[in-house]
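Student: Protein sequences appear in the order of chains F and Y. For what it's worth, our numbering labels the leading residue of the first sequence as 1, then goes sequentially. For what it's worth, our numbering labels the leading residue of the second sequence as 1, then goes sequentially.
Hints are supplied without guarantee of correctness; some may be wrong.
Pairs of lysine to any residue residues, derived as SDA-like cross-links and limited to a Cα-Cα distance of at most 25 Å, are as follows [to be verified]:
| hint | chain 1 | residue 1 | chain 2 | residue 2 |
| --- | --- | --- | --- | --- |
| 1 | F | K239 | Y | S155 |
| 2 | Y | K194 | F | R248 |
| 3 | F | K222 | Y | I96 |
| 4 | F | K222 | Y | I115 |
| 5 | F | K186 | Y | K194 |
| 6 | F | K222 | Y | A98 |
| 7 | Y | K117 | F | T252 |
| 8 | F | K140 | F | K239 |
| 9 | F | K222 | Y | T114 |
| 10 | Y | K186 | F | L152 |
If you're looking for bench data, these hints aren't it; they were derived computationally from the structure.
Listed below are the residues making up each chain.
2 protein chains.
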Amino acid sequence: MRICLIGAGNLATQLGLALLEKGHQVVQVWSRTQKSAAELAFKLRCPFTTELPLISSENDLYIIAVSDTAIGSVLSQRTWDDTMVVHTAGSTPMSILAPYCKNFGVFYPFQTFTIGKRVEFEHVPVCIEANTSQNLDVLKKLAHSISQNVKLFDSTQRQQIHLAAVFACNFVNHLYAIGEELLQEKGIGFEILKPLILETAAKIVDQSPVNSQTGPAVRNDKTVIDKHLALLAHHPDLKNLYRQISERIIQTHK
Amino acid sequence: MRICLIGAGNLATQLGLALLEKGHQVVQVWSRTQKSAAELAFKLRCPFTTELPLISSENDLYIIAVSDTAIGSVLSQRTWDDTMVVHTAGSTPMSILAPYCKNFGVFYPFQTFTIGKRVEFEHVPVCIEANTSQNLDVLKKLAHSISQNVKLFDSTQRQQIHLAAVFACNFVNHLYAIGEELLQEKGIGFEILKPLILETAAKIVDQSPVNSQTGPAVRNDKTVIDKHLALLAHHPDLKNLYRQISERIIQTHK
Numbered sequence: 001m002r003i004c005l006i007g008a009g010n011l012a013t014q015l016g017l018a019l020l021e022k023g024h025q026v027v028q029v030w031s032r033t034q035k036s037a038a039e040l041a042f043k044l045r046c047p048f049t050t051e052l053p054l055i056s057s058e059n060d061l062y063i064i065a066v067s068d069t070a071i072g073s074v075l076s077q078r079t080w081d082d083t084m085v086v087h088t089a090g091s092t093p094m095s096i097l098a099p100y101c102k103n104f105g106v107f108y109p110f111q112t113f114t115i116g117k118r119v120e121f122e123h124v125p126v127c128i129e130a131n132t133s134q135n136l137d138v139l140k141k142l143a144h145s146i147s148q149n150v151k152l153f154d155s156t157q158r159q160q161i162h163l164a165a166v167f168a169c170n171f172v173n174h175l176y177a178i179g180e181e182l183l184q185e186k187g188i189g190f191e192i193l194k195p196l197i198l199e200t201a202a203k204i205v206d207q208s209p210v211n212s213q214t215g216p217a218v219r220n221d222k223t224v225i226d227k228h229l230a231l232l233a234h235h236p237d238l239k240n241l242y243r244q245i246s247e248r249i250i251q252t253h254k
Numbered sequence: 001m002r003i004c005l006i007g008a009g010n011l012a013t014q015l016g017l018a019l020l021e022k023g024h025q026v027v028q029v030w031s032r033t034q035k036s037a038a039e040l041a042f043k044l045r046c047p048f049t050t051e052l053p054l055i056s057s058e059n060d061l062y063i064i065a066v067s068d069t070a071i072g073s074v075l076s077q078r079t080w081d082d083t084m085v086v087h088t089a090g091s092t093p094m095s096i097l098a099p100y101c102k103n104f105g106v107f108y109p110f111q112t113f114t115i116g117k118r119v120e121f122e123h124v125p126v127c128i129e130a131n132t133s134q135n136l137d138v139l140k141k142l143a144h145s146i147s148q149n150v151k152l153f154d155s156t157q158r159q160q161i162h163l164a165a166v167f168a169c170n171f172v173n174h175l176y177a178i179g180e181e182l183l184q185e186k187g188i189g190f191e192i193l194k195p196l197i198l199e200t201a202a203k204i205v206d207q208s209p210v211n212s213q214t215g216p217a218v219r220n221d222k223t224v225i226d227k228h229l230a231l232l233a234h235h236p237d238l239k240n241l242y243r244q245i246s247e248r249i250i251q252t253h254k
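Chain F with its partners taken away, still in its complex shape:
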């Protein structure tokens, strides 16, 4: 397909590279800033622009890969004719596209994308939705060309999936950062936590996490919990967080 990428962040970059690798043509890249537009265009060997009205109309598909808040503004800055337009956002309903486009949908690769870390798309779940069954077929084909894991979800389900991911990915990563912070305080390197973090994640492949909970809270071990709360005396925010999550674990396993 001839694709125009609107956005040049982590998702746009990884998705663009995956599409190119699978033989699609990224015709043009747009970004608000010249620098990021030029950088991604260089990686994808295509022209770029920072002016939405100047985007070429010679495409089969526009992929809007900007933050949820920017989607509305991007949509209002040009006319989209008959060409299909998709956004890539978890928590924005497909209906946001309806006032602007005739053929539209959502193409949501469900993964965490970080600068400089290439993601193998093959196993990334791609959640799709479209306004007609014909458009859904187009997106299905595109999704299958880059991933073996294509899922059909409506906007309500997708929003819940995104919410679940905030807990199980974004918040999890922040807990890793808290672990690193606590070790640094005593001059201990983060290295020691790595085998534990990897094993904790690996366990979910075969076991429901609720069945493999370990630690002082699931044993309701007040002695250890109180020791930890005392250690956190100088971190009221962490103390509060520790108490709250422990309480929820205790309630869940009671």
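Based on these hints, arrange chain Y on the given structure of chain F.
Tutor: Frame of chain F, contents of chain Y only:
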């Protein structure tokens, strides 16, 4: 070494199997309950007892692998003579052993142990501490016989390591469980979260987690955050947790 294992939980089981595999002799197993003592003794092909005073004295080492709260009671139930005694607890100082034993230390394998999931000890950090340098040498040798990753930490450091692990492992696992819970509510299988969970963990191998934070909070994306808080209206505990962790991410990255 001729080792007596006191305790028959997840840690005692995995440690016993690893020791056996590396040619040590588990002479005897003790547990409070007949059933768990017999089960572990069967796995380790050795006798068992449920009476602490009846444990044989023909050992080179006693390993106390019971919960933090039970260590004191175990120690007080027999005399330990000159034989070396170690406990395996993260948050209990080595000094708990001093009133009861002459040769003592701590042998703390830093990993999450779950029933039925065998752990490869080779890369598990084993944190050791002992009351004399001679005893430390004994523990060093033992630790090196099962792991390539042996670390010397004192009780204060070990306690902080354990605290960091509660955030980065036990609490993380509960966030996985919350993710599963939220998906179940909308009839969506946990399967879809697995690639994301594994990638989030994999990122820490090469990057500090604070540098690879993604999600609405690090972008301070109030639109998405407000949508998620609205979705959590019927879960006041999760709404509170969502707000708190998001706020901490926003503060960290401001």
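Student: Run every hint past the structure and note whether it holds.
Tutor: Each hint tested on the structure:
Straight-line distance between C-alpha atoms of K239 of chain F and S155 of chain Y comes to about 21 Å, which keeps the hinted pair within the 25 Å bound. Our distance criterion of 25 Å between C-alpha atoms is met by K194 of chain Y and R248 of chain F, whose separation comes to about 22 Å. For the hint linking K222 of chain F to I96 of chain Y, the alpha-carbon distance of about 18 Å falls within 25 Å, and the restraint holds. Pair hint K222 of chain F plus I115 of chain Y holds up; C-alpha atoms about 23 Å apart against a cutoff of 25 Å.
With a C-alpha separation of about 33 Å, the suggested pair K186 of chain F and K194 of chain Y falls outside the 25 Å cut-off, and the hint is violated. Between K222 of chain F and A98 of chain Y the CA atoms are separated by roughly 23 Å; this keeps the pair inside 25 Å, and the hint holds. Pair hint K117 of chain Y plus T252 of chain F holds up; C-alpha atoms about 22 Å apart against a cutoff of 25 Å. Taken as a hint, the K140 of chain F and K239 of chain F pair is broken in the structure, with Cα atoms around 47 Å apart against an allowance of 25 Å.
Only pairs whose Cα atoms come within 25 Å are accepted, and K222 of chain F paired with T114 of chain Y is accepted, the gap being roughly 21 Å. About 14 Å separates the Cα atoms of K186 of chain Y and L152 of chain F, which keeps this hinted pair within 25 Å; it holds.
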